[in-house]
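Engineer: Read off the chains here:
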Amino acid sequence: MKSWSLLTLVGADQAGIVARVTESLAAADCELGETSMMRMGCNFAMMLRVSHDNQDLDGLLENVCADLNLHLHVDEDADGACAITEPDVNITVYGADRSGIVAEVTNSLAAAGLNIIDLETAIAGTKDKPIYIMTIEGQALQGVDALNDAAAKISKGVELNIVPIQTLRA
Amino acid sequence: MTVLDIIHYPDERLKQESENIESFDQSLKDFVDDLEETRLAGPGAVGIAAPQVGHAKRIAIVDVSGLKKPVDNHGYLLMINPEITNWEGMEKGREGCLSVPDFTGNVIRAEKIKIRFQGVDGEWTEFETHGYEARAIQHEIDHLDGMLFLDRLVSRRTDLFQRKSYK
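These protein sequences, in sequence, are chains A and B.
Using our numbering, the first residue of the first sequence is number 1, and each one after it goes up by one.
Using our numbering, the first residue of the second sequence is number 1, and each one after it goes up by one.
One or more of the hints may lead you astray.
To be verified - Calculated cross-link-like contacts (lysine to aspartate or glutamate; reagent style DMTMM-like; alpha-carbon spacing at most 20 Å):
id: 1; chain 1: B; residue 1: K92; chain 2: A; residue 2: E76
id: 2; chain 1: B; residue 1: K92; chain 2: A; residue 2: D118
id: 3; chain 1: B; residue 1: K57; chain 2: B; residue 2: D30
id: 4; chain 1: A; residue 1: K127; chain 2: A; residue 2: E86
id: 5; chain 1: A; residue 1: K2; chain 2: A; residue 2: D56
id: 6; chain 1: A; residue 1: K2; chain 2: A; residue 2: E31
id: 7; chain 1: B; residue 1: K92; chain 2: A; residue 2: E86
id: 8; chain 1: B; residue 1: K69; chain 2: B; residue 2: D34
id: 9; chain 1: B; residue 1: K92; chain 2: B; residue 2: D151
id: 10; chain 1: B; residue 1: K69; chain 2: A; residue 2: E86
id: 11; chain 1: B; residue 1: K68; chain 2: A; residue 2: D88
id: 12; chain 1: B; residue 1: K69; chain 2: A; residue 2: E76
id: 13; chain 1: B; residue 1: K69; chain 2: A; residue 2: D88
id: 14; chain 1: A; residue 1: K2; chain 2: A; residue 2: E76
id: 15; chain 1: B; residue 1: K57; chain 2: B; residue 2: E91
id: 16; chain 1: B; residue 1: K29; chain 2: B; residue 2: D121
id: 17; chain 1: B; residue 1: K57; chain 2: B; residue 2: E37
id: 18; chain 1: B; residue 1: K68; chain 2: A; residue 2: D145
id: 19; chain 1: B; residue 1: K92; chain 2: A; residue 2: D149
id: 20; chain 1: B; residue 1: K112; chain 2: B; residue 2: D102
id: 21; chain 1: B; residue 1: K92; chain 2: A; residue 2: E104
id: 22; chain 1: B; residue 1: K15; chain 2: B; residue 2: D121
id: 23; chain 1: A; residue 1: K153; chain 2: A; residue 2: E104
id: 24; chain 1: B; residue 1: K68; chain 2: A; residue 2: E86
id: 25; chain 1: B; residue 1: K92; chain 2: B; residue 2: D121
These are computed hints drawn from the structure, not numbers from a lab.
Can you build the whole structure from these sequences, using the hints too?
Structural biologist: Printed below as a string of structure tokens:
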């Protein structure tokens, strides 16, 4: 009987992390589901859903983690068959960088029914005048108009563009 | 009329280039009827192309007139031997495909296109279209060229900032 786990691995970035980790998993007949892996600052962060035969994943990855100096965290992931949720709204946010942009925007939008599926942020601009950029894909559970109303109340200096996603099926 | 079987990737026939239609006969009309029946059976499908039922011919159907959120459209479009003759602009949108169940992804398409194609009796039509209908037509013509939206996926991080529309 296969079970699902959610693995989180974080460490200083270097070439070969994905190759080594996934090679160890494949060699033990673990199968990957959804994954998200990215460089963040000088770190590399990986999240992987893994299907396996009740194996000891900590033990399985012990050597690789020691070699590459990665921190590993394993969670059970019972909801392996969780229905795929699709975004129906795309939101881009940007403005002069200051503390609290993400908190203000996401609190306002959450109160207006936004369920975030995917969110990424970056700092750009010049060193003396940095800007903050955020992209969100989510579900507008109370409709896009409710999000627009909430966006209108967000502080000046933060630009929000809320665009419905009309998925094409063909 | 018959609902035909939709073939799914990795069926290699989805990666083949389709052939032009030369004779506009009764068998073509019968096939087009079956293809439309098949599209209507695919939940919410705004288009279908002959290769999706394993028929490597340059035939596609697009109809975006029935969306819950209406978009500009030219109604039911049967496109035989279609060609895009002009492209303008770029727009990111989310697409799914009857031949790739359980996945949707972001694809960049031309915002505005000029299209010419033949009808069921061989007569040519040409017009410009934009937005959602243009996207659907590009998706279907890709099928005729052995391309899937998977061939055009853009990274989650690739984002085109939406332009505000000025009138």
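Engineer: For every hint, state whether the structure bears it out.
Structural biologist: Right, here's what the structure says about each hint:
Using a Cα cut-off of 20 Å, the hinted pair K92 of chain B and E76 of chain A is violated, with the two alpha carbons roughly 36 Å apart. The hinted pair formed by K92 of chain B and D118 of chain A meets the criterion: a straight-line CA distance of about 16 Å does not exceed 20 Å. For the hint linking K57 of chain B to D30 of chain B, the alpha-carbon distance of about 14 Å falls within 20 Å, and the restraint holds. Our distance criterion of 20 Å between C-alpha atoms is broken by K127 of chain A and E86 of chain A, whose separation comes to about 37 Å.
Distance check on the hinted pair: K2 of chain A and D56 of chain A sit about 13 Å apart at the alpha-carbon level, within 20 Å; holds. Pair hint K2 of chain A plus E31 of chain A holds up; C-alpha atoms about 10 Å apart against a cutoff of 20 Å. Restraint check: the Cα-Cα separation between K92 of chain B and E86 of chain A comes to about 16 Å, which is no more than 20 Å; the hinted pair holds. Restraint check for K69 of chain B and D34 of chain B: the C-alpha separation of about 27 Å exceeds 20 Å, so the hint is violated.
For the suggested pair K92 of chain B and D151 of chain B, the alpha carbons sit about 14 Å apart, so the restraint of at most 20 Å is met. Distance hint between K69 of chain B and E86 of chain A is fulfilled; the C-alpha atoms sit about 17 Å from each other, no more than 20 Å. Proximity of K68 of chain B to D88 of chain A is assessed by CA-CA distance (about 13 Å); at most 20 Å being required, the pair is judged to hold. Proposed proximity of K69 of chain B and E76 of chain A is contradicted: the alpha carbons are some 40 Å apart, above 20 Å.
Restraint check for K69 of chain B and D88 of chain A: the C-alpha separation of about 12 Å stays at or below 20 Å, so the hint holds. Restraint check for K2 of chain A and E76 of chain A: the C-alpha separation of about 12 Å stays at or below 20 Å, so the hint holds. A distance of roughly 28 Å separates the Cα atoms of K57 of chain B and E91 of chain B; the hinted pair therefore is violated under the 20 Å criterion. Annotation: proposed proximity of K29 of chain B to D121 of chain B holds, straight-line Cα distance about 9 Å (limit 20 Å).
At most 20 Å may separate the alpha-carbon atoms for a hinted pair to count; K57 of chain B and E37 of chain B meet this at roughly 17 Å. A hinted pair counts as satisfied when its Cα atoms are at most 20 Å apart, and K68 of chain B with D145 of chain A qualifies at roughly 16 Å. Taking the CA atoms of K92 of chain B and D149 of chain A, the gap is near 25 Å; set against the 20 Å cutoff, the hint is violated. Note on K112 of chain B and D102 of chain B: the hinted pairing is violated, with a Cα-Cα distance of about 28 Å set against a maximum of 20 Å.
Using a Cα cut-off of 20 Å, the hinted pair K92 of chain B and E104 of chain A is violated, with the two alpha carbons roughly 27 Å apart. Pair hint K15 of chain B plus D121 of chain B does not hold up; C-alpha atoms about 28 Å apart against a cutoff of 20 Å. Our distance criterion of 20 Å between C-alpha atoms is met by K153 of chain A and E104 of chain A, whose separation comes to about 10 Å. Taking the CA atoms of K68 of chain B and E86 of chain A, the gap is near 17 Å; set against the 20 Å cutoff, the hint holds.
Taking the CA atoms of K92 of chain B and D121 of chain B, the gap is about 35 Å. The hint is violated against a cut of 20 Å.
Hint check: violations occur at hints 1, 4, 8, 12, 15, 19, 20, 21, 22 and 25; the rest are consistent with the structure.
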